[in-house]
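Asker: These are the residues of each chain, in order.
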Amino acid sequence: MRADTQGGGGGQSPLYAAAKKVYPQAVKGTFRNIRWAVLIITLGIYYLLPFVRWDRGPNAPDQAVLVDLPGRRFYFFWIEIWPQEVYYFTGLLIIAAMTLFLMNAIAGRVWCGYLCWQTVWTDLFYAVERLIEGDRRDRMKLDKNRWTGEWILEKVSKHTIWLLIAWWTGGAWVLYFADAPTLVKDLATGQAPFAAYMFIGILTFTTYVFAGFMREQVCIYMCPWPRIQAALTDEHALNVTYRYDRGEPRASVKQADKLRKAGEQVGDCIDCNQCVAVCPTGVDIRKGLQLGCIQCGLCIDACNTVMDKVGREGNLIAYDTDINIQRRMEGKEPVFKPIRARTMVYVVMIALVGALMTFTLATRSFEGLNVLHDRNPLYVQLSDGGVRNGYTIRILNKRTEERVFVLSVEGMPKGTTLQAVGITETAAGDPVIPIGPDQTRELRVLVNADSSANLGKSVPIAFRITDTGSGESVKTEDYFKGP
Amino acid sequence: MANHNKHIDEATGTETTGHEWDGLQELNTPLPRWWVMVFYATIIWAIGYTILMPAWPLVSSYTTGFLGASQRSQAIAAHNAAVESRSAAGSGLVDASLEEIQGNQGLLEFAMANGRAAFGDNCAPCHGTGATGAKGYPNLNDDAWLWGGSLDAIHTTIQHGIRGEDDDTRESPVAYAIGMQAWGDDGLLNEQQIRNVSNYVVSLSGGATESGADLEAGKTVFEENCAACHGEEGKGSQDLGAPNLTDKIWLYGGDVDTVVETVTHGRKGVMPAWSGRLDPVTIKSLAVYVHSLGGGV
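Protein chains in written order, with the numbering used here: chain W, 1 to 483; chain Z, 1 to 297.
The set of hints was computed from the structure by calculation and includes no laboratory data. Predicted, not measured: the structure shown is a model, and the values here were computed from it. Virtual Cβ for every residue (Gly too), placed ideally from N, Cα, C. Check before you lean on any hint, since a few could be wrong.
Listed next, with one range per pair, are the computed distances between beta-carbon atoms [to be verified]: (1) T363(W) / Y252(Z): 28 to 36 Å; (2) Y479(W) / D95(Z): 38 to 46 Å; (3) M53(Z) / F336(W): 54 to 62 Å.
Bound conformation, chain Z alone (with noise of 0.2 Å):
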């Protein structure tokens, strides 16, 4: 084994590599054995995986292994174990009543995480992340409830919708007009008894009225027209979507031009009903889950 090239450590005995940095050099200490042997087999694991598993890049594809694993199935496979485990803790939800839901602490924290989760892919592009809706379409965090602020109201109207196609679905029994008259576009009122009308309707929730509008005039023209839905003192009726005059929340502005604009071309604000969209289980947990947002009478 007498090699001149080699150079032994006189301390150690330990041949070094030969390589020297200001006197020190490097001891070349062989690993052991067995170490080697893992390292070997952890190249020898790696081919095998490449060939079994998705691995090499090729011009428009890639090669997808013989063991036919990708990460779309195994996505697939994991969002439908989701839905598995989900619909099985759903399941004491369609039994139960929204009262029962609300007063039971498990079905309640699934049913608002469920609804939580449903809001935000259904309802969110109307009503907005946070159910703050936007001009038209309510804020679901207040007390005002155009229809309804109890669990029944809500589900009622989740499942079946605002003037939309569900056969029960809620709209205002107005035959000829679905939603608010136009009052001025059928020629029902003139602009002179609107504005008064209007002036009238801002002034039931204290608002700013104009300069010399003839409030009395206004109330003649609302107690013939507008008292059959919205009542004699403008309190708004839920069976018919009637909102309340007389608080201070607007669905489409309070300011007396945009009530002109109101009354002039009515409003037929629409919701879908969910019903044949969205399981029972998911309507009910929204129903819960809008509740607890704002929930009233």
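One chain only, chain W, in its complex shape (with noise of 0.2 Å):
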């Protein structure tokens, strides 16, 4: 980065470097498209996916998307997490970080420039900016002649829909959390949680100084990402690159006129700065990869119409890769790999995770058993010779209806007894346990073996419970203890 330094020190080496304000040009373009096209995307997914609604039945919440901490579940669409199965969000973490890797070895920093919510709302901040205050020129011009009533105008109706759309992205991020529709209603009418509120603050403020104010800091200082990225990236990633074989050395277009009659070698680079002028980081692409640029494409856009401009040739700023500009100035072919040995593992580990994580929720069942044997004591006699294990077992039904399970064991001999504190037994003697929609229950259960039965110290057994409806079952395997 260039170092514009200034401040304590006392001259010899200074404290801080003052920010440079960007002020980023208005450009027009593919690449500006598609950033226009990821913005209405993202944000239109993340401030209307609250409100859209999914029947999931009489017992649970109708909402697309629920994160409902209180009742500790978290709905996706047709999908219910349960606390059990929160590994499947370390599933979509790896799927996440090996999506980024993925991108990067293919094109370089290009979640930096479309993705990331940094740049998606300072890209949102910079489009409200520059309605208001004008463009570049007009932005610079005003922030030198302060308080006139121009400027005044212009700085608070900005700030006032800066600060809007900050306390709607704040707004939005609560309603993932409980039902939208009444929670609006809530927040409006006072009567809503106060994390609620607190949580609205703190995004409200976040997004109003990292948008409006912080804007490339955060990227250049902030960022862990581009540190790491420098690290993971290769020779063969397509990155935002100035072809300085074909740019160098530059020239005015009268210049280079001048200079080509003069029979010198003159690049198609015009210096007219404007790669420079539109870039939402303030770097200089000329200079090389720098750890500024976010690769969003916009000095491509820039660039490509200026040489549409004087009639030269596209594309003097595209993605490319360092390899190619070698192998043109040597007089080879070009080449783009995409597929390689790094992009195939991470393709391999996004496929496998993806499909180890829809083959488990594809089998996975709606009920569940869990037990655990009393350490102390381990097993108990009694009065007639017989032996009593102690078992705390846990119950869950995933279904949002209430089910009756029976509750057997397995693997004891003839003559044992089951006994659940508050449940009503069949005629066979086994507990007959009723537990609620999307409900867990916890029971304690003695087994009771007959004195006649003789078992060993540790008899393998397995506690089973069966849907009295649908014969749904599943089965803990356990152990009998005795003297």
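Each chain sits in its own coordinate frame; assemble them with the hints.
Answerer: The following block contains the structure:
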């Protein structure tokens, strides 16, 4: 980065660098259009998703995406995740990381340029700024004439709109944690929980500050990804590249004509600085790939517009690789290899984790049984000489209707009885356990072996719950301990 | 600004610190102003914090800070809040009968958790953390209940204790000998009679008797002296707290020598009454919890 330095340290070494305000200019072109599309799609999803309804039946919330913290459930369309299944999030995180790495292996920091929320909201804030204060030159002029009527009016309206966007951003966030229409009503009437207001406040503040003021500074100073990314990238990854083999030496259009006539070598770059003017992080791409470049491609659009005007071939700045510049200079054909060992490893890992998650999701049961054997005592002798073991069992009913389970034990000899506290029994003596919709139930179960059973020190047994309605059943293995 | 101590890196135009390792020089890239400001702000925050909050150690004490915050007061507040929320949750137990608690999933789960905690605090010293008891202290996991193993019987026992100081305490109604009579010490039976009756009692549950023991004589002694409380067949009585002598569970031990000791000196196991020490909700929770361990009749 350029060091425009000032400040303390006695002139010997500056203590801090003054932030250099970036005034990106408006630009039109392919990559600008892609950014608009991504911005509209991602923000549209973010702001509207909580209001999408999803009918799950009578005992479950009808919000398509809902993080129900008090109820300890996560709803994602047709999927309902219990706290026990939190490993799905591990899978999602692995997939997310691998996708990020894959994007990086193919097209460098393309995440930063198009999808990162810092980029998206900053872009939106810039759009508002441009709408109110005008383009680059107008804004620079405005900031030189402070405290004029125009300055006050425009600044006030800009910050008001920024704050409204920031507020709605925080508001949309909390809607993911409760029934959205109800929460909106509660928020409006002051009935919502304090945490809701607090998070709206925090997110309003961070959005306003990060997208309105910090902007590219977040990418350059705060974000860890550029550091990690630099270590993960390789010479085959596409990067926004200034083709210096074509561009240098630079000369203005007039000068270039003169020099050409004189028979000298001139590059295509006319040094118009448009690529710098439009850059949202204020870098000069012609200095090569650098930390500040988020690879949004706006400089490509700007350069292509100029090249078009002066009648030169486009893509002087383009998504390209260092290898290709080298190859072109050596007179070889450029190459692009998206399929290589590195990308394949990522693809395979994404596919593996995705397949594993899909498989477990598709085959998971809608009931669960956890068994915990008493440790103290392991067993107890009964008055008739029999042996009793105590267990704490927890039964999960993941369906949204009440179900009745019969608990039975397998692997014990005849004459064994089951006793569960507060539970009625079938004719055969097995406990019948009703469990409400989407609930768990913990029970203490005593297993009494007959005195004639004559069991060993440790007998492998299994508990089984069977849904009396559907017949679905699940079993969990444990042990019956004896003297 | 010309300063010949300055080293400027050609590639970046940035000043270097002058540090060099194997030809690599360290760039002196300054931090952005806002970053430095945040750094200063944290220093100011730290100073303010040490003034307002407990911070600096002194010789025998520490600076308490102007806000008067302390972990102890926080802990007390948290404890009080917990007690309050628990009593709110426990209010459902006040009106419900013990059977209703057992039949209601929510009440049952609360009573079990509350009872488990109260058991650890109050009952575990005698009955053990797993309620397995010890010699003279009943195992609450088995199916032998001296004073009854129903919910109500357990509740009564916890409330009023056994042979305790409570007016309604549970005790054997033998005026001159609360608990089991000391048949040897009081001179009511001689040694031979005690040995005979002890062998007979051990034989009731199929235990190992001494060779040459006169079980018939023991039976006579039993019928004349012991049957009043333990019953003709030795099955005991929960009204009197008299143990069933025909089962395989022995509170003090089921071998002949231990039974001889029991008959000679008597047994007067005591359990304190808890109704004065614990609130009714806790006692109810304890009854439900203990009943879940091995409750019976």
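Asker: Quick one: which hint numbers does this structure break? Sort them smallest to largest.
Answerer: Violated hint (a single one): 1; every other hint is consistent with the structure.
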